[in-house]
Amino acid sequence: MASYHRQKLTAAQQYWVLQRNPVCCGSGRLHCGKLVWEFEVTPTPISRTYRLRIEYQQGATPAVVVVEPDLSVLAEGRALPHVYEQHPARLCLYLPKAREWTSEVIIATSIVPWAYLWLFYFEEWLLSNEWKGGGEHPKATDDRKHKKNLSN
Amino acid sequence: MQALDTKDLDVQPNFTKKLDIMRLLGHLCQELDLTDSQIESAKSSYEAVGQWLSESGLPELRSAIIYAQGSTALGTTNRPIRGNEFDVDLVHHLPGVTTNTDPATVKRLIGARLSEHEHYRSILEEKQRCWRLNYAGQYHLDITPSIMNPSCSNGGELVPDRKLRQWKATNPKGYLRWFETHAAIEPQFVAAFTEARARAEVQPFPEPEEKKGLLRRTIQICKRHRDIYFSTRTQDLAPVSIVITTLTAKSYAHCVNTGIYISEIDLLIDVIRTMPMFIQMEDQSGRPYYLIPNETTEGENFADKWNVDSRLPVAFFEWHRGLTDILGGIEGQRGLDIMGNTLSAGFGEAVVKPAVARFVGNVSAARSADQLSIMPGVGLASSAVGVRVQRNTFFGQ
Numbered sequence: 069m070a071s072y073h074r075q076k077l078t079a080a081q082q083y084w085v086l087q088r089n090p091v092c093c094g095s096g097r098l099h100c101g102k103l104v105w106e107f108e109v110t111p112t113p114i115s116r117t118y119r120l121r122i123e124y125q126q127g128a129t130p131a132v133v134v135v136e137p138d139l140s141v142l143a144e145g146r147a148l149p150h151v152y153e154q155h156p157a158r159l160c161l162y163l164p165k166a167r168e169w170t171s172e173v174i175i176a177t178s179i180v181p182w183a184y185l186w187l188f189y190f191e192e193w194l195l196s197n198e199w200k201g202g203g204e205h206p207k208a209t210d211d212r213k214h215k216k217n218l219s220n
Numbered sequence: 439m440q441a442l443d444t445k446d447l448d449v450q451p452n453f454t455k456k457l458d459i460m461r462l463l464g465h466l467c468q469e470l471d472l473t474d475s476q477i478e479s480a481k482s483s484y485e486a487v488g489q490w491l492s493e494s495g496l497p498e499l500r501s502a503i504i505y506a507q508g509s510t511a512l513g514t515t516n517r518p519i520r521g522n523e524f525d526v527d528l529v530h531h532l533p534g535v536t537t538n539t540d541p542a543t544v545k546r547l548i549g550a551r552l553s554e555h556e557h558y559r560s561i562l563e564e565k566q567r568c569w570r571l572n573y574a575g576q577y578h579l580d581i582t583p584s585i586m587n588p589s590c591s592n593g594g595e596l597v598p599d600r601k602l603r604q605w606k607a608t609n610p611k612g613y614l615r616w617f618e619t620h621a622a623i624e625p626q627f628v629a630a631f632t633e634a635r636a637r638a639e640v641q642p643f644p645e646p647e648e649k650k651g652l653l654r655r656t657i658q659i660c661k662r663h664r665d666i667y668f669s670t671r672t673q674d675l676a677p678v679s680i681v682i683t684t685l686t687a688k689s690y691a692h693c694v695n696t697g698i699y700i701s702e703i704d705l706l707i708d709v710i711r712t713m714p715m716f717i718q719m720e721d722q723s724g725r726p727y728y729l730i731p732n733e734t735t736e737g738e739n740f741a742d743k744w745n746v747d748s749r750l751p752v753a754f755f756e757w758h759r760g761l762t763d764i765l766g767g768i769e770g771q772r773g774l775d776i777m778g779n780t781l782s783a784g785f786g787e788a789v790v791k792p793a794v795a796r797f798v799g800n801v802s803a804a805r806s807a808d809q810l811s812i813m814p815g816v817g818l819a820s821s822a823v824g825v826r827v828q829r830n831t832f833f834g835q
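Going line by line, the protein sequences match chains A and B.
Here the working numbering is used: the first residue of the first sequence is 69, the next is one more, and so on.
Here the working numbering is used: the first residue of the second sequence is 439, the next is one more, and so on.
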């Protein structure tokens, strides 16, 4: 099943897939075009298990937060890489200007796998202090522009 | 997205974890290995030395042959912990010499012949019982003379004792045969592991080809741990490699012949745990007498020094406990960083961090090739099954 549809997906449609996808088993709620979904991620059997929460308001961008454990505690004071916010850690999983995620894209088969990958590289970063997952760093205006674009 | 059968959700994650830990240790061993070109270079160097020695006019050196012993012969050499040169232990066997010639004379003759060569003279260093040729930045060749041991029916040899006054029994060729027989014993695993290993769901990344076998890898791990452990303690008390190698080989044979194991990591841990069982101990007038006999020749006790310096057996048991503590706890750990730190404490950051980087590199390679997926119950996998991980670029500060 391709992740791209012609139509923008509603929060209800995104929620439906999140409920059924076996790589993000969890629970949540859906109300008035906003979904919250909490689930556990263990990137590999050697990795920790993390509790994540996705919040998505239809028309905006999905926010992915690591609820547990506290990543800043694990990082022992180092600034976390590739996050929008440090505490709680809100993960940067894609490049907005490259449209790697848009509202036509299924969250469960894009954002969720990227969260697995982020946490996997995070654990190696804890050890080596090097981010092996590649990526880019924003100019300050990028996040605001992206949100503005999606609400148009 | 391929349809997922609910039975796929019953994949036993502990097999995958065991395989992942074994894969991580495998990458660690890859960091310890010498490269093929290092091995080739050492071999052509010592063959040239052998050629030079055999071209000497001296009757004692006539028909002499040079061959590798120790870790070079067994395939258990580790990269050295400090400096760049690795040790190549060589036997220079002299069929033309008998016990009528004392070891000091034989050693002197070899040194004299080596000194006749301008280059060898410049890199020659005399050691207690052997001559060392220093190929700076690469390796040392340690050349020990040996003669035939007429009392040994197993083709054993005699080498100089520490005082260079007498010949003592040893059997490098016999030991090599003995070791290779042990290394060749195939372990048996429970059917569930063997089947699971073959299934993509449990083996999410292909295992690297294993040429050395579990026994050699176990010995490399033990020796590396020893090197790190004693780097902050009294170096002289470190168990010698022949003790570690012999005990591990005996333990391996015992374990694989008497048990069927859940997985390779379980076997490796048990082999290490069981090593001390093969130290023989007798009570001699209230004092312990330690014996680790060389089974390939009479009269060689690898633990002979333990009966002279009582700190040595103590050091061995403490080292052994340190290693079993690390490995015993590893499977219960959660977090690649936690595991990396534990392994670094035991085996040194210099090999563990690159090993972890290789482990992570498997994921990155699959990601670059668009072959990365998330499998329920397993996680990241290089597989067609599961939720494919699409191209993304991490962003943020």
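No lab work stands behind these hints: they were computed from the structure.
All figures in this text were calculated on a predicted structure; none of them were measured in a lab.
Take the hints with a grain of salt, since some may be wrong.
Chain A side only, calculated, beta carbon under 8 Å to chain B, not exhaustive [said to hold, decoys possible]:
#1 84
#2 95
#3 100
#4 101
#5 104
#6 107
#7 115
#8 135
#9 152
#10 166
#11 185
#12 202
#13 203
Listing some non-contacts, in silico: residues in chain A with all C-beta distances to chain B over 12 Å [said to hold, decoys possible]:
#14 106
#15 125
#16 171
Cβ atoms here follow ideal geometry from the backbone N, Cα and C, with glycine treated the same way.
Cross-check of the supplied hints:
no.: 1; hint: 84; in the structure: violated (14 Å)
no.: 2; hint: 95; in the structure: violated (17 Å)
no.: 3; hint: 100; in the structure: violated (28 Å)
no.: 4; hint: 101; in the structure: violated (25 Å)
no.: 5; hint: 104; in the structure: violated (21 Å)
no.: 6; hint: 107; in the structure: violated (12 Å)
no.: 7; hint: 115; in the structure: holds (6 Å)
no.: 8; hint: 135; in the structure: violated (17 Å)
no.: 9; hint: 152; in the structure: holds (6 Å)
no.: 10; hint: 166; in the structure: holds (6 Å)
no.: 11; hint: 185; in the structure: holds (6 Å)
no.: 12; hint: 202; in the structure: holds (7 Å)
no.: 13; hint: 203; in the structure: holds (3 Å)
no.: 14; hint: 106; in the structure: holds (17 Å)
no.: 15; hint: 125; in the structure: holds (20 Å)
no.: 16; hint: 171; in the structure: holds (16 Å)
Hint compliance for this structure: hints 1, 2, 3, 4, 5, 6 and 8 are not met, and every other hint is.
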